[in-house]
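Q: Below are the chains, spelled out letter by letter.
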Amino acid sequence: MPNIAVLGAGIIGVSTALNIQNLIPSAQVKIISEKFGQETTSWGAGGLFRPTAKFIQGVPEEKIRRWARAGWDFYSSLAVSDKAKESGMQIVSGFILSQTKVENPLYKDSVYSFHEISRKAVTELGFGHYKYVYQVTTVIAIVRDYLPYLFKRFEENGGQTEQRRIDDLNELVGQYDLVVNCTGIGSRSLFGDTSIFPVRGQLLRVKAPWIKNFIYTEDDAYLIPNGELLVVGGCRQHNNYNLNIEASDSKAILERCYKICPELKGAVIDHEWTGLRPTRVPIRIEKEILQLKKGRLVVVHNYGHGANGISMSWGTSMDAAELVKDALLSSKL
Amino acid sequence: MAAREPSICVLGAGVIGLSSAVRIQDEFPRCDVTLLADRFSPDTTSDGSGGFWLPHLVGGTNQDSISKWSASTLDYMISLTKSPLANQIGVHLLSGYSFFSEPQCPEWRKLVLGYREVTDKELKLLLPKAKFGVFYTTVMINVKAYLPWLISRFKQKNGKVIQSRADKIEDLLQKYDIVVNCTGIGANKLANDSDVIPIRGQVTRVKAPWIKHFMTYEGSDEHCEKYILPGTDTVVLGGTGQRGDWNTQIDDRDQQMIWDGCLEMIPSLKHAEVIRHWAGLRPHRSSGVRIETEKFSGGKMVVHNYGHGGAGVTLHWGCAGQVVEEIRAAIKSTVSRL
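Those sequence lines, one after another, are chains A and B. First residue of the first sequence? That's 1 in my numbering, and the numbers climb one at a time after it. First residue of the second sequence? That's 1 in my numbering, and the numbers climb one at a time after it.
The reader is advised that the hints may include incorrect statements.
As the list claims (entries may be wrong) - Over 10 Å on every C-beta distance to chain A, these chain B residues come out as not near it, computed from the model:
no., residue
1, Arg4
2, Cys31
3, Gln88
4, Phe132
5, Thr137
6, Ser164
7, Ala191
8, Ile211
9, Thr232
10, Asp233
11, Ser268
12, Ala279
13, Gly298
14, Lys332
To be verified - Lysine-lysine pairs mimicking DSBU-like chemistry, simulated, CA-CA at most 30 Å apart:
no., chain 1, residue 1, chain 2, residue 2
15, A, Lys120, B, Lys270
16, B, Lys110, B, Lys131
17, A, Lys265, B, Lys168
18, B, Lys131, B, Lys121
19, B, Lys144, B, Lys168
20, B, Lys270, A, Lys207
21, B, Lys82, A, Lys108
22, A, Lys83, B, Lys129
23, A, Lys259, A, Lys287
24, A, Lys265, B, Lys155
As the list claims (entries may be wrong) - Covered by chain B, according to a simulated footprint, are these stretches of chain A (three or more residues, beta-carbon under 8 Å):
no., stretch
25, 124 to 138
26, 218 to 232
27, 272 to 280
28, 322 to 330
Hints in this document: simulated from the structure, not taken from any laboratory. Here a beta-carbon is modelled for each residue, glycine too, at the ideal position from N, C-alpha and C.
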């Protein structure tokens, strides 16, 4: 009975732990993390499924497509089931506004639909200042429902948890057959990976139940319905570790969003949030055998998802679980 | 007729009456306009309706009129959805799916935004029992917010509001030069129009904020279309279409049928909290919407605007525009006879 520790309880950690349980039912899996639930980076994410190749650099396109496809199959099946409310998976339509043509995006094969709309409709919708407008039907994960939903499945399968900050990997040597690293930005200090860096994001969640469509641009203006609340974002500040809410960021975000969504006026702000997208080129999913002071540690990495954590969580976790299975098999030889 | 501005009374304060009153004020700013009704929001037929724009159950109204009035209404509603006051006004854009047991080619496909047929993938994933489906974007109105907004517009321009029941339209002609009859189902008695009969509709409103699309299904074997319409605060589940049924009490069997039909479309609705039920009478007229001027002695007239069936919200702004044209033409011909 293999004894596995998954470090990190964000969307990647919990998804990976669950996939390991699915793939290796005999495994005893424990999630070890300093932060859980609302303290994780994942908690505040908008959850819109729209993975774009150009923001997942360093990974071959067919691999990204495979991850996107696997994620889509899982999320969309939840979204049409009677588990839609519990799992936080919503089917939502919306508009992607761009000044450049969006050619054959990764998600085109996955999502329900992706179409350019007529210029007349573009004008009526108030998006006339954008050259290209696409209407898309996809899924949105309400992370504050989805993450607990996965966590519950994990615990029902016999998974264990430990609230603990690991500062030295030597603490884990000899304790577990294999350690899975899903610590996101934490990998910088814990594993000495200086190639991972934060891209700071800030967003607001407001009460605007009359807004049923998402609107997404690459100009740091997006609106993503999340159940009873609407996510209004955002910003991308490279190498910024600041976890305080900046009033100037919120003000700028609202101004940008009022331009593409005048009907947002009058929405009451529920709360603001900031998170550090753990960005790495490429996303690291691989096995590593570390020779530490106390001994040998077999590690499978799954971190560095940047702005695509939610979208890519299920697909990359499936790959990571396969690596875990292979690693356990090869260590028996 | 004296060379003064005619005094106008709009009878009825549902979506037809209020929009008529507002458009008349806008077009004839020098006329005194009075709104007279026995019931106001939230107690009108309009208030209980889904508020969804879609030409539906319009009897024999000719297609050109339906297209003209519904297009005018939709264009106006879409422009309101992009206003900073959208929530106060109670209008929002809504995308979603309409499924059928047979292929369709509705006239309104040219009017809604982004109309397209669904792919086999969508059909299989969303409603396998359907044979055909379309996706489009339209507007939904929160009538309980929209009617108060129209009334406040009316009052701001010095419109007078009287709560009273009119037993005979002709009595009102003693006090007013023009009466606009927007009494909906009441026209059966008031206009002595036996062609106006109710098509009863029952709905259930639930709390289900995770639902962001509308979904409708019209099957050949179904007694009536089933629909799921996410509004601002609640999701409207419907419906029924019982011709000649005047009952506004909630029917338990209808309630169960609506629930079962909607859960088949969106299974997660089973976790939705039920807020309230409602039954109302669509004022259907088999020969279609009646917008017509009836002339009386002394230059007085009644302009009828009733019989909108299941399309009151869908047609209201265009029909109010038509009433304005009727009044303009009638005033012109009256004046030219002097």
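Q: Compare the structure with each hint and give your call.
A: Cross-check of the supplied hints:
1. Arg4: holds, 41 Å
2. Cys31: holds, 32 Å
3. Gln88: violated, 7 Å
4. Phe132: It holds; Phe132 (chain B) is separated from chain A by about 16 Å at its closest Cβ, greater than 10 Å.
5. Thr137: violated, 7 Å
6. Ser164: holds, 34 Å
7. Ala191: holds, 37 Å
8. Ile211: Answer for Ile211 (chain B): violated, closest chain A Cβ roughly 8 Å.
9. Thr232: violated, 5 Å
10. Asp233: Nearest chain A Cβ is 6 Å from Asp233 (chain B), so the label is violated.
11. Ser268: Non-interface label fails for Ser268 (chain B): nearest chain A Cβ at 4 Å, not farther than 10 Å.
12. Ala279: About 25 Å separates Ala279 (chain B) from the closest Cβ of chain A, which puts it past 10 Å; holds.
13. Gly298: holds, 46 Å
14. Lys332: Non-interface label stands for Lys332 (chain B): nearest chain A Cβ at 34 Å, farther than 10 Å.
15. A:Lys120 - B:Lys270: Violated, at roughly 39 Å.
16. B:Lys110 - B:Lys131: Between Lys110 (chain B) and Lys131 (chain B) the Cα gap is close to 22 Å, so the pair holds against 30 Å.
17. A:Lys265 - B:Lys168: violated, 46 Å
18. B:Lys131 - B:Lys121: holds, 12 Å
19. B:Lys144 - B:Lys168: holds, 28 Å
20. B:Lys270 - A:Lys207: Judged against 30 Å, a Cα distance of about 24 Å means the pair holds.
21. B:Lys82 - A:Lys108: Measuring from Cα to Cα gives roughly 28 Å; hence the hint holds.
22. A:Lys83 - B:Lys129: Holds, at roughly 20 Å.
23. A:Lys259 - A:Lys287: Not OK: Lys259 (chain A) and Lys287 (chain A) at ~47 Å, beyond 30 Å, violated.
24. A:Lys265 - B:Lys155: holds, 25 Å
25. 124 to 138: holds (count 5)
26. 218 to 232: holds (count 3)
27. 272 to 280: violated (count 0)
28. 322 to 330: Three-residue rule not met by the stretch 322 to 330 of chain A, so violated; n is 0.
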